[in-house]
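A.B. asks: Given next are the chains, with one letter for each unit.
2 protein chains.
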Amino acid sequence: MYRSNTCGELRISDAGRKVTLAGWVQKVRKLGGMTFIDLRDRYGITQLVTEQAVEVGREWVIQVVGEVVERQAKNAKMPTGDIEVKIDTVTVLNKAQTPPFTIEEVSDGGEDIRAKYRYLDLRRAPLQRALALRHRLAQEIRTYLDGQGFMEIETPYLIKSTPEGARDFVVPSRMNPGEFYALPQSPQTFKQLLMVAGYDRYFQIVRCFRDEDLRADRQPEFTQIDCEMSFVEQEDVLNTFEGMMRSMFKNALGVDIPNPLPRMSWYDAMDNYGSDKPDVRFGMKIHEITDLVQGCGFSVFDSSAYIGAIAVEGCAEYTRKQIDELTEWVKRPQVGAKGLIYIKVAADGSIKSSVDKFYTPEQLKAVAERVEAKAGDLVLVLCGAKRKTQTQLGVLRIEMGGRLGLRDPKVFAPLWIVDFPLLEWDDETQRFYAMHHPFTAPKPEHEKWFYSDKKEDLERVCANAYDFVLNGTELGGGSIRIHNADMQSRMFEVLGISKEDAEYKFGFIINAFKFGAPPHGGLAFGFDRVCALFGGQETIRDYIAFPKNNQGRDVMIDSPSKIDQEQMDELFLQSTVKE
Amino acid sequence: MYRSNTCGELRISDAGRKVTLAGWVQKVRKLGGMTFIDLRDRYGITQLVTEQAVEVGREWVIQVVGEVVERQAKNAKMPTGDIEVKIDTVTVLNKAQTPPFTIEEVSDGGEDIRAKYRYLDLRRAPLQRALALRHRLAQEIRTYLDGQGFMEIETPYLIKSTPEGARDFVVPSRMNPGEFYALPQSPQTFKQLLMVAGYDRYFQIVRCFRDEDLRADRQPEFTQIDCEMSFVEQEDVLNTFEGMMRSMFKNALGVDIPNPLPRMSWYDAMDNYGSDKPDVRFGMKIHEITDLVQGCGFSVFDSSAYIGAIAVEGCAEYTRKQIDELTEWVKRPQVGAKGLIYIKVAADGSIKSSVDKFYTPEQLKAVAERVEAKAGDLVLVLCGAKRKTQTQLGVLRIEMGGRLGLRDPKVFAPLWIVDFPLLEWDDETQRFYAMHHPFTAPKPEHEKWFYSDKKEDLERVCANAYDFVLNGTELGGGSIRIHNADMQSRMFEVLGISKEDAEYKFGFIINAFKFGAPPHGGLAFGFDRVCALFGGQETIRDYIAFPKNNQGRDVMIDSPSKIDQEQMDELFLQSTVKE
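First to last, the protein sequences are chains P and R. For the record, in the first sequence the residue sitting at position 393 is 393 according to the numbering used here, with numbers rising by one throughout. For the record, in the second sequence the residue sitting at position 542 is 542 according to the numbering used here, with numbers rising by one throughout.
Hints are computed from structural coordinates only; laboratory data are not their basis. There is no bait here: all hints are sound.
It does not matter which identical chain is meant; a pair holds if it fits inside one copy or across any two.
Lysine-lysine pairs mimicking DSS-like chemistry, simulated, CA-CA at most 25 Å apart:
| no. | residue 1 | residue 2 |
| --- | --- | --- |
| 1 | 499 | 562 |
| 2 | 331 | 386 |
| 3 | 448 | 95 |
| 4 | 499 | 116 |
| 5 | 499 | 95 |
| 6 | 116 | 514 |
| 7 | 514 | 27 |
| 8 | 562 | 505 |
| 9 | 454 | 499 |
| 10 | 86 | 74 |
| 11 | 95 | 505 |
| 12 | 514 | 95 |
| 13 | 30 | 86 |
| 14 | 505 | 116 |
| 15 | 443 | 95 |
| 16 | 514 | 499 |
| 17 | 338 | 321 |
| 18 | 86 | 27 |
All chains, full assembly: derive it from the sequences and hints.
C.D. replies: Here it is, written out as structure tokens:
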């Protein structure tokens, strides 16, 4: 061992001890005849001091032998700040070129250069903390699930391409010419087979792959906490996994989350927050005001199916310019509103609105009351089709919450969204689609509607499906699966999938289910996002050791890349790319 | 929850309790007016009894409510054998088709049908035990390594193809036309980068991929326990990982292995066991007898560089036919010996040999003494080039050990093999190759030879490399890496790799090392094989939930398979396979 101690552990009680440390040179300062060196490793920084002439540079790897002494000028900000190590001998283990950016809490390097030299960026404390948190969470998850009788079972990575869902990454097989494996988008099929096989409780922290056009903060490979349980109802699944989350919050962050967690129906989430992943760290709920404002001669409202509003606290003093900017903001294609109506409730209680001429102050006051606006608040109103308008209000709400500083990343407000609709009607194709997937079971109490032929009955069937939502982000979700062959047939019928089509697309799993499938259900969490949110960040990139960029490239290793013609030949492949 | 208890937990102390169980029907017996049902789940089997007429079949999934009662005829072999559950009500949760083979400890199904219906084979107790052991071991490994300060860090699966080593599986990139990712053969590069990045102690239980022509019991995807440490010497790595193995043996099997573990040099392993992965559960060591038998006129020996022998206990009475069969056995291409000489030491101490006419009884007795043959033992002699002959004797030794029942899979004899030669000379290409890989460091005390120009000096340089061997199988291995640029240049020079070549093949990692690489080393274990050996099996297939066959196919999901032309087009690929 090149060291007796790490750079993070020496304290005043070690004074007088002879120690050997090894690490990277963070900083060198000369002061009078003394040289001070900050020596860094994963565990911390220890100050070294010597009167000798030492030739070391930034990021050199050195080993020092010396004595722990009490510092004259202590540094209360550092755990090792009470001591320093008086150097006897220095051994240079490896010199280092000067890194292309500073290895500090905040680096001076741009994103591109840091991505190229990821192994240097990973030396910075924020990334070390991020990966340490990820490690801690992974261990907590496994410890909890192991304790609950879950078995970690590895499922294959080289599987079969399916025409459903997102695009698969495929892997040509040399030994089976012309054939391909696919990389899993999730182990969904295998985990359901493990339930058929009687494993009762399964989990895996597992890599998944999706060949999607990458949006910001999506990765072609990502990690899922994947779980499935047999002989359970929705209540059992929710209790088990909020238990898991509770232990993660407690043991990794020291945070207590409510017990039990709040649950909100999908309908309430849409109506009150305009989102199926509501951020409930703050109120500013959406209120429908259609009944209060229609029929008063304002044609925009009169021709809208739905009119809704939020009250933004303390913003009654917004200027014309600020309102105009907000109006432009909601009209951007990302939000898509036609326009924005405001009602200002001044500090003295007087009301001012962009639709003053259509409404009496009393009518506007009724709106303000409905949306729970107090003196000094700004009421923002959107109108149009119901769900679309609610969604726009939801986006506006998040924006205003952010502007008012109501979205503190260190505050955690987890909840379950439940009672999703089972089916979504698509006007264009005039058919129902499964909102979750075609194996999700309807709620037992809604089965009567599920077997009805009326569209309005089918539309109100709720699924035994659930999402875990934290601070406006969906961290995971799942469902109770259909385990009964008749119900599954009915599902295909409702979705307009013929017997032949069902057989072709899902035959393999349907067949397995004929040999005694237990009632089962499960869920999956996006582990990258769990880590980021636990760390108080919105982007996942810092929580992945070696992420890819938005073009799916790893710029550090320069991948993907061309392969030899010989390798192409062995795989019976020809490229059709024109050189 | 569909049950109050599992099928494995009810005991006599539960008698009188009303319980709800759910599971699969293992067996139905009618006896008089009574029906007995064995109900099975992952946790065990519970006997149900009823006077009602019940319609259930093998592998049906049922739920029963009933009372726990003491059995009249107890079954001491079952943990639940003291009780049975008297059925009040039975609910059929799912009917089942009759499975194509029996779901029993030993099934009546052949390998192919069981592979096709893997989800049914996985219901059998031996496979459930195998996967439960695998789960347990994975948890023990992580708990141990976490306790030792290792961080679990996930490395990417979509990486870059390298021209070295075995064949890569490649993944065409749709977003980067004409370019490919490769699936990792191991995270070697990434774990060394993590050391450069200062993560100090890294581990991962990670899938790896090799597109090899599959030999028996090889899988195209396999799982590695992958580890790396900084600021360590070989001694630190060995101590850390025999600690891990010790905790795995203790906590998963209740077995104590020696502390410290035996270590054997590669030279001793080859000389005494004819193998770099010796099975030390039994003796039967190889002894060189060249000096005792050369120069006596037997030309076969006189023209051999090396003559070696083993003493097979109690086999002096082998018949002519048995000896002939053994001779044929060693002459098979898999062993490759030219012939087999024997010396029988009869119970009365008299000596009989196939080379009687060349040697006096005293000379043969000296051989018998050298190989520690006692009265009643059979001495088997092979000759030829030294390492080749030792290897053949090693194979013969394993065979005879097996025949004599000396290879009990429930006996565990782990050890480290150390002091591997750094370099292997290849006569054909007249150059040295790295025995481990070109980043493995020579032992510090052998550096003087490493920098010598003499072939014989270079040949005796030992590496800081080590293998963990259990019962004749290499379960893992690793090395201390070169972290010094000058030493790395020297290594490339010795291997005859030009600067340009080194830059092309290894430039990326060499470059990273310029920014301050710490001394580091590590190792990797083959987790599939670890599980199999811990379970007392030689084949890994039962320890993988969904394995592939020898053609790399998953016959259950029928993968690999053809993909759509549309998908091919999107990937800019054309197949050259003639339809």
